[in-house]
Amino acid sequence: VNEAPDYCGPVVAWRVWYAVQSAGETRLSSVFHPAYWPVCKPLEAVCQRLRLPFRERHEAPTRRCRCGVYAALPEAARDYFLADSRQPPTPAVVGCVSLWGLVVECERGWRASHAYPERLFVPRLGRFGDTASRIARGLRRYGVPVELLDASTAAAAADEISSLARLVRRSVPGTAGVVALPEAMPNLWQ
Amino acid sequence: MQIGKPKRVYTIEPIEDPVPQAPVEEPGMEPDDRPFEPVDSNRGP
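So the protein sequences, as listed, match chains E and H.
Oh and the first sequence: position 20 is 20 in this note's numbering, straight run, nothing missing.
Oh and the second sequence: position 16 is 1016 in this note's numbering, straight run, nothing missing.
The hints are simulated quantities; they were obtained by calculation from the structure and are not laboratory data.
What you are looking at is a predicted structure, and each value in this text was computed from that prediction instead of being measured.
Among the clues, some could well be false.
[As the list claims (entries may be wrong)] Facing chain H, from chain E, some residues (calculated, C-beta under 10 Å):
1. C8
2. H33
3. P34
4. A35
5. Y36
6. V39
7. Y70
8. R111
9. A112
10. A115
11. R141
[What the hints assert, rightly or not] Listed next, with one range per pair, are the computed distances between beta-carbon atoms:
12. E/R57 - H/Y1010: 21 to 31 Å
13. E/A23 - H/A1022: 13 to 23 Å
14. E/V46 - H/G1004: 21 to 31 Å
15. E/D130 - H/G1004: 36 to 46 Å
16. H/D1017 - E/A35: 31 to 41 Å
17. H/D1017 - E/E147: 14 to 24 Å
Note that beta-carbon positions come from the ideal geometry of N, C-alpha and C, so glycine has one too.
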């Protein structure tokens, strides 16, 4: 018999991706690992940590490891975007992601076993507006809202992210916002 | 991304599937293998 889950709605928080071209399609890629996010399938976490032979594989995420699909409070995603955008190897995309399955709640974010983008924002920075438009067009395959974010600099884009976080939060009734803190989520099982 | 230390662990089983059923294909979209140019965020237009 499976145990009843603790919650019945996903955590929705913020993160940063890279946009890459693969086999003629635009894909989201994780920032730290060369992992493409699948279209219309959840990304399932697998622990990539080097394992010693006598250690058993473990389900991702666990409290003691660092594995899992990451997402954060908007302030953390904003800060990361700002720092990362100084030397971007490829265009960065910011957005909200749904997290579910096994979830480790941390001080400024979450690690989860399952994830899928909830909405995406493509910053149109400086003179690379055409690239941003191509990226946004390609990312619509994910079947979630994709919007262009007009900003002349990364700092301006970061400010825009903060504003969006407040707007999006208000647009989701019945939760604490797109950043839906689990404490505020309705718990049908207790 | 720095998300800090773990606070607690729980399970979530969404009532509504967060994953769309099928990919969105826009009419007239052709495969595009051109690489994206790096975005220099500190340069003006």
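Here is what the structure says about each hint:
no.	hint	in the structure
1	C8	holds (5 Å)
2	H33	violated (13 Å)
3	P34	violated (15 Å)
4	A35	violated (15 Å)
5	Y36	violated (14 Å)
6	V39	holds (5 Å)
7	Y70	holds (6 Å)
8	R111	holds (7 Å)
9	A112	holds (8 Å)
10	A115	holds (9 Å)
11	R141	holds (5 Å)
12	E/R57 - H/Y1010: 21 to 31 Å	holds (22 Å)
13	E/A23 - H/A1022: 13 to 23 Å	holds (18 Å)
14	E/V46 - H/G1004: 21 to 31 Å	holds (23 Å)
15	E/D130 - H/G1004: 36 to 46 Å	holds (38 Å)
16	H/D1017 - E/A35: 31 to 41 Å	violated (21 Å)
17	H/D1017 - E/E147: 14 to 24 Å	holds (23 Å)
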